[in-house]
Amino acid sequence: MKITIFTSNQARHLHLISQLSEICDECYSVLECNTIFPGQTKDFFAKSEVMQDYFKNVQLSEKKFFGHNSFSPSNNRSISLKSGDLNRVSREILEPALSSDYYVVFGSSFIKGWLIDELVRKGAINIHMGVSPYYRGSSCNFWASQDNNFHLVGSTIHKLSKGLDSGDILYHALPTVNDCQNTFDFTMKSVRAAHRSLVQRISDGSIKKITSEKQDSSLEISYTKNKDFNDEVAKHFLDRSDTIEMVAEVLDANRRKKSFKNAFYD
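In terms of the working numbering, the sequence shown is residues 4 to 269.
No wet-lab data here; the hints were simulated from the structure. Some hints here could point you the wrong way.
Okay, derived cross-link-like pairs now, SDA-like style, lysine to any residue, Cα gap no bigger than 20 Å in a straight line [what the hints assert, rightly or not]: (1) K59 <-> K5; (2) K264 <-> S164; (3) K5 <-> S206; (4) K264 <-> D219; (5) K165 <-> R124; (6) K238 <-> L63; (7) K212 <-> F267.
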């Protein structure tokens, strides 16, 4: 079996490459690279003391669940690009990665042009870190947490489409509070839920048996862009100091009221 993944270069992205490589003969990874020191180096996110504080917490949780950045497995072939360059890359360059059994998109930039047409045609799977159709766009689990909607923190595994996070839903993967010490652990655990569920369902072939479901746009709560996540909102969230006990209370009160598709809980 061959798997191709379009992803990024943080520890959580490399972890998924490693996990997928364990269940296939060949894995191709197209890495769009950003700084691995967000908040300290200006890149996708701004450089500031607030952002340093915020992402220090993010990276502690990322290390807890996914370890450090590491080298790729021996059966992985990769190409590294500057984030945003993917849509300028020719088919000739990517050709070796375009004859796989599965295509996974996780944390890439917005794919356009001939490549999105190719991936949609081949049934690519997208991991959206957020619970669609309620939260779409950028930093969705942050915004769900900011809204005190911890029951809507999670991930959506759906068919890749030409729209942003708008493809038909295959299933939701949701975190529990087990092994979580704080809200950063909780949101990072939603990434692990996505990884574990997808690897399992590709490995046993059950992903192909799931009937997808169109998103109900009338249920959308928030559609956010990267520019919406700034020092002001990050500081507000840090100052709240929500506890994991508070998260558990919200889950108990609200999670069963929402409809999640083929939910996987971690």
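Hints, verified against the model:
This hinted pair does not check out: K59 and K5 have alpha carbons roughly 36 Å apart, beyond 20 Å. This hinted pair checks out: K264 and S164 have alpha carbons roughly 18 Å apart, not beyond 20 Å. The straight-line distance between the Cα atoms of K5 and S206 is roughly 12 Å, inside the 20 Å bound, and the hint therefore holds. Between K264 and D219, the direct Cα distance comes to roughly 12 Å. Compliance with the 20 Å bound is thereby established for this hinted pair.
Taking the CA atoms of K165 and R124, the gap is about 11 Å. The hint holds against a cut of 20 Å. Using a Cα cut-off of 20 Å, the hinted pair K238 and L63 holds, with the two alpha carbons roughly 18 Å apart. Proximity of K212 to F267 is assessed by CA-CA distance (about 15 Å); at most 20 Å being required, the pair is judged to hold.
Of the hints listed earlier, the one the structure fails to meet is number 1.
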